[in-house]
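Order-wise, the sequence lines are chains A and B.
If you're matching positions, the first sequence starts at 555 in this note's numbering and goes up one per residue.
If you're matching positions, the second sequence starts at 11 in this note's numbering and goes up one per residue.
A few of these clues could be false.
[Claimed, not checked] From the structure, some residues in chain B lie toward chain A, with a derived Cβ separation under 10 Å:
hint : residue
1    : Thr98
2    : Cys99
3    : Pro114
4    : Thr121
5    : Thr124
6    : Ser130
7    : Gly143
8    : Val144
9    : Gly299
10   : Ala339
11   : Leu397
12   : Leu399
13   : His402
[Stated by the list, open to error] Facing chain A, from chain B, some residues (calculated, C-beta under 10 Å):
hint : residue
14   : Ala97
15   : Ser101
16   : Ala120
17   : Gly128
18   : Thr129
19   : Gly131
20   : Gly136
21   : Ala140
22   : Gln378
23   : Pro381
Bear in mind the hints are in silico, worked out from the structure with no lab data behind them.
It should be emphasised that the depicted structure is a prediction, and the values quoted were computed from it without experimental measurement.
Don't be surprised by glycine CBs; every beta carbon is placed ideally from N, CA and C.
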Amino acid sequence: MSRVRGFTARQTFTALAIVLVVVLVALLVYLYFFLRDGGIPQPKPTSSPGVESVWELYGPGEGDLPRFDGPMGVVVSEDGRVYVTDSGNNRICVFDTQGRFQSTFGSFGIAKPSQGATVTYEPGSLNYPVGLDLDDDGNVYVASFYNDSIEVFDAEGTPLRRFPDPATVVGRGGSGYGGTGIAVTDVAVHGDRVYATDAYQVVIFTREGEFVDQWGKPGRGEGDLDHPNGIAVSRDGETIYVSDTNHGRVTAFTTAGDVLWQVGTIPEGMDDRTAGDLQLPRGLAVDSDGSLLVTDAFSFEIIRISAEGEVLNRYGVRGVEPGQWNFANDVSVFRSFALVADKGNGRVQMVRLGR
Amino acid sequence: MAVSLLSSSVVARACTTTGRRTHLIVSMQRGLIVAVLCVAVLSIAVPAHAYDEVGGTGGPCVGCHGGSVNSPSGPHGGYTATSKKCATCHSAHKAPAGGIVLLPAATVLATCQTCHDGTSGQGVYGVIKARTGVDPADPAESGAAHRMLDREVDPITAIPGGDSAGGGARTAAFSGTAGGLTCSDCHSPHGSNVVAAFTGDRARSTTDTAGLDSPSNFYSTRLLRQRPTSTDAAYASVTEYGSDWCAACHAGRLSWHELYNHPVEAATTYTGPGSAFTYESVARLTGAGASTTTLGSLGRNNFGYVMPDPRTAEQSGHEPICQQCHEDARDVGDVTLRTVDATEVFKITDVDGLPSDPVVNSDNPRFQVFPHESENDAFLIETDNDLCLNCHKQPAG
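Work out the full structure, taking the sequences as your base and the hints as a guide.
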């Protein structure tokens, strides 16, 4: 019987088998996490509370406009396409979830010129794009703020349609220039419904653009709105979350516009000594556990609120380092990661937030 | 030998003792200097360092900066509250290099535009470019703007009509990039030392509309400073919005200077009976087609933008204030003698944010753009004959 340094062949074989099993298990574990995270780099710890950093993007890095100009919106598709509204450059930039640039679409065009000016709008034109969202087919809905309408593209960026007609009164009326169209700042798509924020209300359309309903009004009462800049829908489609931005609060509505709960209080003036849960909430996203992520531009935090309206956690601080924000404007969720439109830093970040 | 050794030992010990004393004294002196320096540094650094930028309440800022902090409400309010208001715009330790007043962006303009891009309402830059494709801040384009863009390279801003003696231009340094004009030269974001609240030219929001029945609801200071920020001591301080506010910079535009002699009324130049016109007290027509006037605010409709000839008793002896010709572009209406075409009277019913039923055509822009930018040259409300005929009778023949 041969021996290797005092071990029998059986003992040697057993040891090798154990090593192989351990290596195999390690490979399987690695493969699991690799597939789960879609090949996304391992997050790195940061000094920012509750935030691990994956990557930061400052723009496509190529072409005539290699850098973002105030990116205000971000959304990720199920298959890992990251869409960014490059607001100042009037375009949408597309990346993969590893941060590699894919393409751009959209260009500047005026749909509602003032007196004496001319229409330069063509299908797919944008005029200060802000929020955006995707439908179940991967189509991209973009809030084209100064064109008072929503521009819809397919996943590759081909223009499909726009609604509402910026020259037509929407329902009982909207805040678009001259009283037509809507001054849309954000959109959320769920099933066949598209929810859009106007200056003092929420306007609801079908995916094809037919007007369905509108609710919300100006004022300081419960459920009243003042320039909302974020909207999201719960996973069951029954709750509509709205960032009531200038009121410093987030309100959960039923699909009919009835108030379920509110987080945050309206500032009452210089003598108001209420700390307030929220300062200037803007973009929203619903996480996989049903909790709500709120981008608070003035507290320089991403704030997690439970589906019942309880503040659960706060992430990040102001700064320029990875995992820090400077007037962040929007957030989106991809698997266990969050993407943040870090407007003031002119970048988009992928991070992992604690629970 | 022993004595010698003892002696040298004593001397050495004495020298050592003396040296130790000298060393001690020098050490004490150095220590004292270091201590004084430490105290000096700490006395400067501690107040700023004591402020916790993450969990701060704003209280420490107000302790030192209370005199400049006085804001009304909303996102610009609450500086004395237990909130993080100061830290929203100022960072004691993390402000970008080259920036000013510890702001989170490199310039005042960039800081303001993080919110004032239109999505939060209120007056903004960029509206006209979004509607026309033409940037009125570009000197090569038509229109007008109080240019304060980051691309401004002229280190000294030329003020048209700034020379109070001759009426010509003069130069002055402001607080923007390279001495250019910037937002905080005219606005105090903290609401300190601002002008008295005024109505504004139009109802643009539902808040404005709600206030039509309760004026205190829509009166606002627009956070306008009583005097612009500048190193130039020539700027006057005014408490009411009107010609005198404009003349703080454009002093040469007031009446009777050789270059610009079109009459303008200001409290500093008016010598007639009664008080001079201000924004809140001009002679305005009592209604469309009316031939009578009453003293009231210039804003909210077109009735104050005309001074038909012959003048009414309230108008007699007065000249127009700056804002009667310079405001957001608008269709004032055709003036035939004392009548104003009722069909062209500005409609304030079509307001941003309100359901419009029935919808009416309106020249009400969604945002206030005056005095930031305008499609018309020189910020004129109308152009050509439309403007002149607001106050002048068309010559016969």
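We went through each hint and held it up to the structure:
1. Thr98: holds, 5 Å
2. Cys99: holds, 9 Å
3. Pro114: holds, 6 Å
4. Thr121: Where the cut-off is 10 Å and the nearest Cβ of chain A is about 9 Å from Thr121(B), the hint holds.
5. Thr124: holds, 4 Å
6. Ser130: holds, 5 Å
7. Gly143: For Gly143(B), the interface hint holds, since the closest Cβ of chain A sits about 6 Å away, which is under 10 Å.
8. Val144: holds, 7 Å
9. Gly299: Hint on Gly299(B): violated, closest Cβ of chain A at ~25 Å, above 10 Å.
10. Ala339: This interface hint holds because 8 Å falls under the 10 Å limit.
11. Leu397: violated, 16 Å
12. Leu399: Given a least distance of 19 Å, the restraint on Leu399(B) is violated.
13. His402: violated, 24 Å
14. Ala97: With a minimum Cβ separation of about 8 Å from chain A (threshold 10 Å), the hint on Ala97(B) holds.
15. Ser101: Check passed: Cβ of Ser101(B) comes within 6 Å of chain A, closer than 10 Å.
16. Ala120: holds, 8 Å
17. Gly128: holds, 7 Å
18. Thr129: holds, 5 Å
19. Gly131: holds, 5 Å
20. Gly136: holds, 8 Å
21. Ala140: holds, 4 Å
22. Gln378: violated, 13 Å
23. Pro381: At about 18 Å, which exceeds the 10 Å cut-off, the nearest Cβ of chain A leaves the hint on Pro381(B) violated.
Comparing the model with each earlier hint shows violations of hints 9, 11, 12, 13, 22 and 23; every other hint is respected.
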